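Respectively, the protein sequence lines represent chains Z, D and P.
Mapped onto the numbering used here, the consecutive letters of the first sequence carry residue numbers 7 to 151.
Mapped onto the numbering used here, the consecutive letters of the second sequence carry residue numbers 18 to 136.
Mapped onto the numbering used here, the consecutive letters of the third sequence carry residue numbers 1442 to 1726.
In short, the hints are calculated from the structure, not lab data.
Predicted, not measured: the structure shown is a model, and the values here were computed from it.
Take the hints with a grain of salt, since some may be wrong.
Unchecked claim - Now the in silico label distances, taken between C-beta atoms and shown as ranges:
1) Z:L141 / P:G1483: 58 to 64 Å
2) D:L96 / P:Q1485: 24 to 30 Å
3) P:G1517 / D:R21: 21 to 27 Å
4) D:I126 / P:S1577: 52 to 58 Å
5) D:R21 / Z:S12: 43 to 49 Å
6) Z:S145 / D:R97: 40 to 46 Å
To be verified - Which residues of chain P face chain D? A few of them, derived with a C-beta cut under 8 Å, are:
7) S1547
8) T1635
9) K1636
10) D1666
11) D1667
12) G1670
13) W1672
14) M1701
15) L1702
Said to hold, decoys possible - Restricting the straight-line Cα-Cα distance to at most 20 Å, the calculated cross-link-like pairs of lysine to aspartate or glutamate (DMTMM-like) are:
16) P:K1480 / Z:E15
17) P:K1686 / Z:D113
18) Z:K108 / P:D1666
19) P:K1449 / Z:D113
20) P:K1455 / Z:E15
21) P:K1659 / P:E1723
22) P:K1533 / P:E1548
23) P:K1686 / P:D1660
24) P:K1668 / D:E103
25) P:K1636 / P:E1557
26) P:K1449 / Z:D117
27) Z:K104 / P:D1660
28) P:K1636 / P:D1660
29) Z:K104 / Z:D117
30) P:K1668 / D:E75
31) P:K1509 / P:E1557
32) D:K100 / P:D1667
33) D:K100 / P:D1666
34) P:K1686 / P:E1548
35) P:K1636 / D:E59
36) P:K1456 / Z:D113
Ideal placement from N, C-alpha and C gives every residue a C-beta, glycine not left out.
One letter stands for each residue in the lines below.
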Amino acid sequence: MEADRSNREGLMGWLNPGRYGWERVSYWLQRLTGVGLLAYFIGHVFETSSLTQGPDAWAAMLELTQTPLGHTILLLVIGMSTYHSANGIRLIFAHGGKGLGKPGRPDYPYDAVSLNYRQKSGIWIALILAAVAMLYGASVLFGGE
Amino acid sequence: MMLRESQIMKIHYITGIAALFVVAVHIMMRLIMPYSLSLEYENVIANYHNVPYLVLLESILVLIAIHGFNGLRIILLELRQSKAWEDGITILTIAAMMAVVAYGTRTIIIANGFGLGFE
Amino acid sequence: MTEQVIEKIESMEKKREKEKHGKETIRSSVVLKIYRANKRAGEQPHYDSVEVPVQRWTTVLDALLHAKQYKDPSIGIRYSCRMASCGSCGMKINGIPRLACYTKVSELEGSTVTVEPLANFPHIRDLVTDFAQFFSHHHDVKPFVQNENADIKDKNKLSEFMQSPEDLDKFLQFSYCIKCGLCYSACPTVATDTKFPGPQALSQAYRYFIDNRDNATKDRINIVDDKHGIWRCHFAGSCSSVCPKGVDPALGIQLLRGHMLGFSKNEKKIADLQDRLRKDEEAKQ
Chain Z
7 MEADRSNREG
17 LMGWLNPGRY
27 GWERVSYWLQ
37 RLTGVGLLAY
47 FIGHVFETSS
57 LTQGPDAWAA
67 MLELTQTPLG
77 HTILLLVIGM
87 STYHSANGIR
97 LIFAHGGKGL
107 GKPGRPDYPY
117 DAVSLNYRQK
127 SGIWIALILA
137 AVAMLYGASV
147 LFGGE
Chain D
18 MMLRESQIMK
28 IHYITGIAAL
38 FVVAVHIMMR
48 LIMPYSLSLE
58 YENVIANYHN
68 VPYLVLLESI
78 LVLIAIHGFN
88 GLRIILLELR
98 QSKAWEDGIT
108 ILTIAAMMAV
118 VAYGTRTIII
128 ANGFGLGFE
Chain P
1442 MTEQVIEKIE
1452 SMEKKREKEK
1462 HGKETIRSSV
1472 VLKIYRANKR
1482 AGEQPHYDSV
1492 EVPVQRWTTV
1502 LDALLHAKQY
1512 KDPSIGIRYS
1522 CRMASCGSCG
1532 MKINGIPRLA
1542 CYTKVSELEG
1552 STVTVEPLAN
1562 FPHIRDLVTD
1572 FAQFFSHHHD
1582 VKPFVQNENA
1592 DIKDKNKLSE
1602 FMQSPEDLDK
1612 FLQFSYCIKC
1622 GLCYSACPTV
1632 ATDTKFPGPQ
1642 ALSQAYRYFI
1652 DNRDNATKDR
1662 INIVDDKHGI
1672 WRCHFAGSCS
1682 SVCPKGVDPA
1692 LGIQLLRGHM
1702 LGFSKNEKKI
1712 ADLQDRLRKD
1722 EEAKQ
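The following block holds chain Z by itself, in its conformation from the complex (with noise of 0.2 Å):
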């Protein structure tokens, strides 16, 4: 059958985080920390590059990268890494079918098990833990050590 793509709620339908709950925006966040996260590590492997062509390529490099500017998007790069692993985690026992209860009789007002509290509090303290670490980070970035 032809597939029709009309009316169809396009990126518009990722980017929608507000209007489902607490696991509309683990997803949201997770594929956008996940673009972020490899956009990072592709930058770092040519970041690090420089240490072959010598110390001053390598001092010229962290001259760009060790600024305000650059902590700032490291600090966002330890929350984001921070998150995804949390909540991978999560989703890796969630996509495994553990951790969201058992099939039943379903009754009104016909709750859905799977978004059980164990599912929010797994997004919740991923993203506490990232608070954290984002706090730790910046301690040793601009800590001044």
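Use these hints to put chains D and P onto chain Z, whose structure you have.
What follows is chains D and P alone, placed relative to chain Z:
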């Protein structure tokens, strides 16, 4: 060799978990001495002469490249659907993954000075 | 023990009732902001506002039918049972996919109720969308029991299926699906991926996969193990949050994936192996 999507996703999950551990060690290496000192040229080069650390760096490179570019493939697959697009992004993400791994490996080899720590 | 359980249930129900009525707003009328479009007739998309009288029990469908009956008979709506059984009146109500017959106006915030056609379904006219693609995905997962040992065309092979209440509970929830399409409309993957079967079809794949009368396990897994198949679900949970029947499609999808990842033991496979062993032993004797 064509992998089934379930096999690709198992690799995705395993590389994700494994990357978590190796990246944690990599970050700790930056924190065993004051952060700015750990970035000095001599200290970084010294790291590259440590064989276990080289293995760690190479595994980070491979694990994150596989996990990251597969993640990108998934996002792009969901964006548009046509044979040309799907084949194109599969080839593109595999090529990009290999290019990043090759480029990173080149840095590791050159920074090591070809001695691999056995001086 | 039983009395304690009953007391607990009663207190929970009272709490729910309190929460529910706490959210209700009693109004004498609301403004329905209705999406209107008929591209084939050259009518461009726009919104018509119609004021309708409401009471505490008025549903959005009641309000729409009042508007159609007394204000504008040209409003296009699809509905049938008016009691959340047929799944015909799915639409976006204040931005969220819901059944119009199952949503009371008094539950909604604000004095304006915006009604739009379901997203991710090709649009036909006004609030009516085309379900052909959605049903095609449902059809693709073979939503029927497959068992070569019970061929209905061959009387000799026809046998009674045995099923315990525990076996029934494993899939009963998923068989309550009314194919209203709300989950399909809420799913972020469906928003861009036309080949993705969607939460409804995937949860039905699990419904038959886990049914102990069905033995097409491998075939069912092969159907969904595709690059646009079950792995494109990222557990955003929106499908389960909008489902009006408590089907919880996200649960079914993750449970099926659990079997594919080897996280869950496949009881059917174990039973099948035990059965084969038993037959082998019988043959030896």
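Of the numbered hints stated earlier in the document, which are not met by this structure?
3, 5, 7, 18, 20, 21, 23, 25, 27, 30 and 35
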